[in-house]
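Asks: So the chains spell out like this:
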Amino acid sequence: MPDAHGIPPARAGSGEWAVRADGLAIGHERTVIDDASFRIPTGAVAAVIGPNGSGKSTLLHAIAGLLQPRAGALEVLGTAPAQAQPQVSYVLQGTQVSRGTPITVRETVRMARYRTTGILRRMRPQDHERVRSALAELEIEDLGGRHLSELSGGQRQRAFVAQAIAQDHAMLLMDEPLTGLDLTSTQAIDRLIHAEADRGCTVIITTHDLDEARAADYVLLLGAGRIVAGQPQEVLTTASLTRAYGLGLRHPTHPMDTQPPTAHHGGHDGD
Amino acid sequence: MTADLAWLTEPFTLGFQQRALLGGCLAAVMCAIVGTWLVLRGMSFFGDAFVHGIVPGVAAAVALQVNPLIGAAVAALVMVLAIEAVNRQTALSEDTAIGLLFVGMLALGVVIISRMDSYAGNLTTILFGDILGITASGLVVQAVLAVVVITGGLILYRPLLALSLNQQKAELLGMRPNRAHAALLILIAAAVIGSYQAAGTLLVFGLLVGPAATAALLSRSIPAMMLTACAIGVASVWLGLLISYHANTAGSATMAIIPVVSFFLVLAGRWARRRVLPASSHA
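As you go down the protein sequences, you meet chains A and B in turn. Throughout the first sequence, residue numbering follows the numbering used here, covering 1 to 271 in sequence. Throughout the second sequence, residue numbering follows the numbering used here, covering 272 to 554 in sequence.
By construction, these hints were calculated from the structure, which means they are not laboratory data. Quick caveat: nothing in here was measured; it's all calculated off a predicted structure. Heads up, the beta-carbon is just placed ideally off N, CA and C, and yes, glycines get one too. One should not assume that every hint holds.
To be verified - So the derived list for chain A, only partly shown, Cβ under 7 Å to chain B, looks like this:
1. 116
2. 123
3. 136
Unchecked claim - Computed footprint of chain B on chain A; a stretch qualifies when at least three of its residues, placed anywhere within it, have a C-beta under 8 Å from a C-beta of chain B:
4. 80-93
5. 213-222
Claimed, not checked - Example chain A residues on the side facing chain B (calculated, C-beta under 10 Å, incomplete):
6. 58
7. 65
8. 68
9. 115
10. 119
11. 144
12. 164
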């Protein structure tokens with residue numbers, strides 16, 4: 001049953017695992033992740049962490065069905081990524097909008113309903129309600145009539161997150177959703193991540209922040225072409241972090257009192 | 272008063288001027304619809320190259336005495352396929368491929384025309400159009416193409432809106448960006464082919480980009496931008512024909528220059544408004 005905002009509970013449709021990878025190799029021009037096997041539990045908040053160029057964005061692209069694996073098997077929500085795409089919402093990293101493009105925040109969020117309405121059908125009352133509740137959840141109702149190009153980076157990011165949650169989805173992918181945001185936007189998106197998990201949606205975020213990764217239910221640590229996956233306390237060990245980040249890492253005595261390798265919210269990964 | 276009214280209406284009492292006005296207006300509407308997406312997606316250079324790319328097709332069709340529309344369509348197809356091939360086979364940026372095809376196709380067109388008996392006349396007609404030479408049957412073809420462009424523009428609105436964010440976003444929203452882009456190319460080809468006789472291959476670019484760019488300065492939404500571009504395009508055709516009649520200037524060129532002048536007038540108006548009005552009143 002939909003909740004008070006008309007948002008239906010996430011459809012798992014995949015049993016225990018939201019993502020299953022076996023012997024996975026992915027990359028654009030070159031292979032950045034090779035022979036990786038891991039599972040992400042359904043309904044978990046999973047953090048993907050690793051150095052620049054380790055393949056975090058590439059992994060999300062593969063899960064979203066935007067990139068074919070080079071080898072191995074990848075299953076998302078119990079099926080092939082391309083088949084699962086209608087149930088996956090994805091907030092891309094730093095989507096740019098040219099200054100002269102007159103697209104408002106409300107229009108941007110309304111696009112989320114295109115999968116349901118198709119290219120010609122009118123929006124139904126429940127579609128309007130989903131748009132309204134997404135704007136409310138991200139606290140950007142007052143920005144509905146503003147152009148994307150008139151917003152700050154944080155406001156624009158919240159608009160794209162609102163677009164993602166206004167889609168029908170059982171999985172939410174977010175590529176560095178908190179990078180470069182102010183406190184208000186960070187808190188709004190952080191609340192949203194937990195609200196999504198509470199309703200049974202699997203949330204996968206990429207991050208450079210070790211504290212964010214520790215707060216997740218599940219962690220995938222990328223580096224040197226490999227993935228180490230599991231509970232934060234199992235994965236974020238000194239040995240694993242040193243192996244993933246190589247030289248330049250401080251030497252933490254215990255994973256839970258380390259300083260993050262790049263504990264910041266600035267800069268883009270671009271991998 | 273009566274004299275003023277006559278000054279406005281007199282040119283359009285003649286049959287060929289009426290056909291020119293109608294043909295020009297159909298061209299303006301087609302160009303405004305596809306021009307809006309060209310401007311929004313940063314494809315103006317592609318549009319420029321595209322309109323010049325049909326020159327050899329039209330020239331070859333004239334030389335072979337077949338319908339120029341067929342030649343234009345074949346040249347448009349060759350242009351698009353060649354740009355795609357360069358993009359797929361090399362790591363060069365898309366504007367390099369477009370630039371190469373732009374020069375190559377235009378030069379080929381001039382070479383073909385130079386082998387014809389009436390070199391200067393044919394070149395002028397193809398490059399600068401012959402709006403006063405639009406025939407009744409030409410109007411029918413234009414009307415059919417206008418229906419295709421308007422219908423296609425409505426059907427493609429959502430996919431192209433999503434694509435104006437980026438290709439991946441459009442795919443994630445289920446809007447099939449590759450098909451939408453290919454369909455847009457077909458609409459551009461239809462608009463250019465349906466407009467080149469009115470404005471010429473060189474000047475049709477003025478109708479493609481001028482009204483849409485001016486409308487972008489004045490509009491708060493894409494549908495408003497499209498309608499404003501249509502209005503500016505139609506007004507440019509009417510005013511251009513009026514001026515060309517009274518000032519005895521080239522009809523197509525006069526018509527094409529007006530949207531460009533409009534753009535700079537609007538830009539100057541915005542600048543003046545910012546200078547005159549306090550910052551708070553237009554924030």
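Asks: All hints are to be evaluated individually against the structure, with a verdict given for each.
Replies: Each hint tested on the structure:
no.	hint	in the structure
1	116	violated (9 Å)
2	123	violated (11 Å)
3	136	violated (21 Å)
4	80-93	holds (count 6)
5	213-222	violated (count 0)
6	58	violated (13 Å)
7	65	holds (8 Å)
8	68	violated (13 Å)
9	115	holds (4 Å)
10	119	holds (5 Å)
11	144	violated (13 Å)
12	164	holds (9 Å)
Figure legend: structure checked against the earlier numbered hints; hints not met, in rising order: 1, 2, 3, 5, 6, 8, 11.
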